[in-house]
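Here the sequence shown is numbered in my numbering, starting from 1 and rising by one per residue.
Derived from the structure by calculation, the hints contain no laboratory data. Any given hint might turn out to be false.
[Unchecked claim] Simulated pairs of lysine-lysine, DSBU-like, Cα-Cα distance not exceeding 30 Å:
| hint | residue 1 | residue 2 |
| --- | --- | --- |
| 1 | LYS67 | LYS213 |
| 2 | LYS217 | LYS67 |
| 3 | LYS213 | LYS123 |
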Amino acid sequence: MSLSLSLAGALAIAGLGGLVRGATGFGGAMVMTPVLSVLLSPITAVIGALLLETFAAAPMLRDAVRKAHWPTILPICAVACLTAPLGAYLLSTLDPLLARRAIAATVLVFSLLLLTGIRYRGKQRLGTSMALGATSGVLVGATSVGAPPVILYLLASSDPPDVTRANLTLFVTIISLAALGALLWRGMLDGPNGMMALLLSPLYLGGVWLGSKLYGKLDAALMRRWTLIFLIVVSSVVLAL
1 MSLSLSLAGA
11 LAIAGLGGLV
21 RGATGFGGAM
31 VMTPVLSVLL
41 SPITAVIGAL
51 LLETFAAAPM
61 LRDAVRKAHW
71 PTILPICAVA
81 CLTAPLGAYL
91 LSTLDPLLAR
101 RAIAATVLVF
111 SLLLLTGIRY
121 RGKQRLGTSM
131 ALGATSGVLV
141 GATSVGAPPV
151 ILYLLASSDP
161 PDVTRANLTL
171 FVTIISLAAL
181 GALLWRGMLD
191 GPNGMMALLL
201 SPLYLGGVWL
211 GSKLYGKLDA
221 ALMRRWTLIF
231 LIVVSSVVLA
241 L
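Work the whole structure out from these sequences, hints included.
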């Protein structure tokens with residue numbers, strides 16, 4: 001595929017990822033990373049998704065800090081920050097084809113779980129939160145997709161929706177920064193990868209803005225369902241390549 005076609009595809013998927021992120025509150029990285037790993041490279045895809053998710057979460061951070069339930073989210077974030085470097089190490093050492101398939105498989109599994117409506121049914125204990133944080137940290141560092149298990153866990157709480165959203169915003173921001181720091185330490189967050197994220201950011205942030213305007217005007221449950229079906233199809237195709 002030519003460079004111009006790859007870039008056009010990357011810009012299009014960034015816009016779509018932003019639209020999904022703004023309309024549903026999740027899924028930006030899940031939409032972008034599998035496709036970008038094919039069009040560009042797994043490392044560029046992960047770095048781009050992490051940077052773009054951080055950019056998107058930044059305006060909501062102040063409100064999230066105020067509303068978040070810190071006893072719930074702090075243990076998850078703390079342990080995830082410790083294990084994100086392991087994910088970055090895996091990303092840097094895996095064969096690109098294997099890394100691409102790992103990204104697609106991660107998206108496929110979590111899309112199926114979210115589509116089936118499975119929820120965590122147990123109590124939110126410290127040990128469970130720490131285990132979840134450890135798993136999510138590795139996944140974010142290696143694939144940029146670590147939020148879905150946290151979503152399933154947080155939805156099991158009795159917190160109001162705005163608190164759950166604040167908890168998730170904090171998690172995405174903190175763990176994305178931790179993973180980016182680990183990738184920088186591994187020497188992967190270089191000029192070309194950073195510039196690609198900056199190039200994609202206008203369409204991604206524009207998509208987030210448009211999606212947020214559509215929020216409440218569309219059937220949210222239906223949009224989530226079709227988004228997850230789209231992710232299942234795309235990740236399955238990437239796995240087959």
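For each hint, the structure was consulted:
1. LYS67 x LYS213: Status holds; Cα separation ~22 Å.
2. LYS217 x LYS67: holds (25 Å)
3. LYS213 x LYS123: Violated, at about 35 Å.
When the structure is compared with the earlier hints, a violation turns up for hint 3 alone.
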